[in-house]
Amino acid sequence: MKEGLGHASHLFRMAGLFVVGLVLFLVVRSLLVPADFGKYGHFRAGALADNREKPVVYAGRQACTDCHDEAVTRKAAGAHAGIGCETCHGALAAHADDPAAGKPQRPDPRVTCLVCHERNAGKPSWFKVIVVEEHAPSGPCADCHAPHSPAVG
Amino acid sequence: MDSARRNFVAASGKLLLLTPVAAAALDWVLAGEPEKAPGYALDDHWWAFTIDIARCIGCGSCVRACKTENHVPLEPYYFRTWVERYRVKGADEEHPQVDSPDGAYNGFPVLPAAPDEKSFFVPKLCNHCAHSPCVQVCPVGATFESPDGVVLVDKSYCLGCRYCVQACPYGCRYIHPETMTADKCTLCYHRITRGLTTACAENCPSGARRLADLKDPKDPIHAFLRENAIQVLKPQMATGSKCYYKDLDGAVR
Numbered sequence: 001m002k003e004g005l006g007h008a009s010h011l012f013r014m015a016g017l018f019v020v021g022l023v024l025f026l027v028v029r030s031l032l033v034p035a036d037f038g039k040y041g042h043f044r045a046g047a048l049a050d051n052r053e054k055p056v057v058y059a060g061r062q063a064c065t066d067c068h069d070e071a072v073t074r075k076a077a078g079a080h081a082g083i084g085c086e087t088c089h090g091a092l093a094a095h096a097d098d099p100a101a102g103k104p105q106r107p108d109p110r111v112t113c114l115v116c117h118e119r120n121a122g123k124p125s126w127f128k129v130i131v132v133e134e135h136a137p138s139g140p141c142a143d144c145h146a147p148h149s150p151a152v153g
Numbered sequence: 154m155d156s157a158r159r160n161f162v163a164a165s166g167k168l169l170l171l172t173p174v175a176a177a178a179l180d181w182v183l184a185g186e187p188e189k190a191p192g193y194a195l196d197d198h199w200w201a202f203t204i205d206i207a208r209c210i211g212c213g214s215c216v217r218a219c220k221t222e223n224h225v226p227l228e229p230y231y232f233r234t235w236v237e238r239y240r241v242k243g244a245d246e247e248h249p250q251v252d253s254p255d256g257a258y259n260g261f262p263v264l265p266a267a268p269d270e271k272s273f274f275v276p277k278l279c280n281h282c283a284h285s286p287c288v289q290v291c292p293v294g295a296t297f298e299s300p301d302g303v304v305l306v307d308k309s310y311c312l313g314c315r316y317c318v319q320a321c322p323y324g325c326r327y328i329h330p331e332t333m334t335a336d337k338c339t340l341c342y343h344r345i346t347r348g349l350t351t352a353c354a355e356n357c358p359s360g361a362r363r364l365a366d367l368k369d370p371k372d373p374i375h376a377f378l379r380e381n382a383i384q385v386l387k388p389q390m391a392t393g394s395k396c397y398y399k400d401l402d403g404a405v406r
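The listed protein sequences correspond, in order, to chains R and X. Heads up: the first sequence at position 76 corresponds to 76 in the working numbering, and the numbers run straight through without jumps. Heads up: the second sequence at position 251 corresponds to 404 in the working numbering, and the numbers run straight through without jumps.
Treat the hints with caution; some may be incorrect.
[To be verified] Below, a sample of chain X positions facing chain R; criterion: calculated Cβ distance under 10 Å:
(1) Y193
(2) A194
(3) H198
(4) P254
(5) T296
(6) Y316
(7) H343
[Said to hold, decoys possible] Here are the simulated DSBU-like cross-link-like pairs (lysine-lysine), alpha carbons at most 35 Å apart as the crow flies:
(8) K399/X to K128/R
(9) K368/X to K39/R
(10) K220/X to K128/R
(11) K220/X to K54/R
(12) K271/X to K387/X
(13) K371/X to K39/R
(14) K271/X to K54/R
(15) K368/X to K308/X
(16) K308/X to K399/X
(17) K271/X to K399/X
(18) K103/R to K128/R
(19) K128/R to K271/X
(20) K387/X to K39/R
Everything labelled a hint here was simulated from the structure, so no lab data went into it. Cβ coordinates follow ideal geometry from the N, Cα and C atoms, glycine included.
Chain R on its own, in the form it takes in the complex (with noise of 0.2 Å):
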């Protein structure tokens, strides 16, 4: 008979066979795991990285004033100061970049005037409204409003 550990060979085997696959697990996932996964958190720092990779499609007001000076200007003193300047101009980081590539666009006024200014549920009261049908039923609101500097008289 067998004294101690004698019996326990099988034992041994299987905690061999445990740290294999303990070794394994571990060689594994080192090599599907990114080695910058877990550097912030639970996540790829990587993707920090991806997601500020893109590129900026609207340039930001700023950018209009190194050449657009004199129109920066009057609007900057107009009820419109607050307003980007591709809010009504459209994208145009490529123009920044490239004055040659992709002019302003020139809004339309009885769509782009009216998506504000038509009298609607749910406007502040604060805000400026008309009826256009009332206000001005025909011909482009430039006419009578500057749209760099809307008040009129």
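Based on the hints, put chain X in the right spot on chain R.
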């Protein structure tokens, strides 16, 4: 020991003893702070967003700008931001009528204002929660709260399992029909890390939307939070929303 030699010994020691993952984690532990990304300091920002309900005129400029900037599909099921119109009859705060045709991509159809009705617009976008339900349910670590406070998606990791789409209490996620991965507002991460504001805030004509940085002591958000009645959406869900609404009506859920 000169620093080059010391670095070599440390690096080879880590390579010999640890898996690359553990080595990267040790770097982080030894540094004591997350390594700063080149040209932009992650540690210097904690991004948030403010919305002033009384300034929103429902023009939909934000929705159009967002879709253009971020190449969001034009079909009216995909939005990173959208605007809702609430109409509340008399005192019936529990049953507001809400419309948001095409997410307000073309503004709102003209409705006569009823005399006994209160109506207002509510712009919506990802709330960039500090304790995001969407991040908690992601099984693979493909969506996460960035160290500077933005909830982002790692497209190369996303399986498209849709758990996060269901988990978001604000309905801010969708599966992009081309990549079949989760897509959402990134708070224009590619813009704000270059010193620009978000496309929606840039194009908001009335100043209703504003990007804010809670770590910047000079940011007007501190006065905004201090001096106004502020609410977040679904505060009972304890999401740690960082999208702060001024004068949000109780009818908004």
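Evaluation of the provided hints:
1. A cut of 10 Å between beta carbons decides the hint on Y193/X: the least distance to chain R is about 8 Å, and the hint holds.
2. About 12 Å separates the beta-carbon of A194/X from the nearest beta-carbon of chain R, more than 10 Å, and the hint is not met.
3. Restraint check, H198/X versus chain R: the minimum CB separation of about 12 Å is more than 10 Å; hint violated.
4. The restraint placing P254/X at the interface with chain R is violated, with a minimum CB-CB distance near 12 Å, outside the 10 Å limit.
5. Hint status for T296/X: holds, given a least beta-carbon distance of 8 Å to chain R, under 10 Å.
6. Look at Y316/X: its Cβ only gets to about 15 Å from chain R, farther than 10 Å, so that hint breaks.
7. At about 4 Å, the closest approach between the beta carbon of H343/X and any beta carbon in chain R falls short of 10 Å, and the interface hint on this residue holds.
8. Restraint check: the Cα-Cα separation between K399/X and K128/R comes to about 21 Å, which is no more than 35 Å; the hinted pair holds.
9. Taking the CA atoms of K368/X and K39/R, the gap is near 22 Å; set against the 35 Å cutoff, the hint holds.
10. At roughly 27 Å between alpha-carbon atoms, K220/X and K128/R fall within 35 Å of each other, so this suggested pair holds.
11. At roughly 14 Å between alpha-carbon atoms, K220/X and K54/R fall within 35 Å of each other, so this suggested pair holds.
12. Only pairs whose Cα atoms come within 35 Å are accepted, and K271/X paired with K387/X is accepted, the gap being roughly 21 Å.
13. Distance restraint check for K371/X and K39/R: the Cα-Cα separation of roughly 30 Å lies within the 35 Å cut-off, and the hinted pair is therefore satisfied.
14. At most 35 Å may separate the alpha-carbon atoms for a hinted pair to count; K271/X and K54/R exceed this at roughly 41 Å.
15. Simply put, K368/X and K308/X have alpha-carbon atoms about 28 Å apart, close enough for the 35 Å limit, and the pair holds.
16. Distance check on the hinted pair: K308/X and K399/X sit about 33 Å apart at the alpha-carbon level, within 35 Å; holds.
17. This hinted pair checks out: K271/X and K399/X have alpha carbons roughly 17 Å apart, not beyond 35 Å.
18. Restraint check for K103/R and K128/R: the C-alpha separation of about 30 Å stays at or below 35 Å, so the hint holds.
19. Taken as a hint, the K128/R and K271/X pair is honoured in the structure, with Cα atoms around 18 Å apart against an allowance of 35 Å.
20. Taken as a hint, the K387/X and K39/R pair is honoured in the structure, with Cα atoms around 32 Å apart against an allowance of 35 Å.
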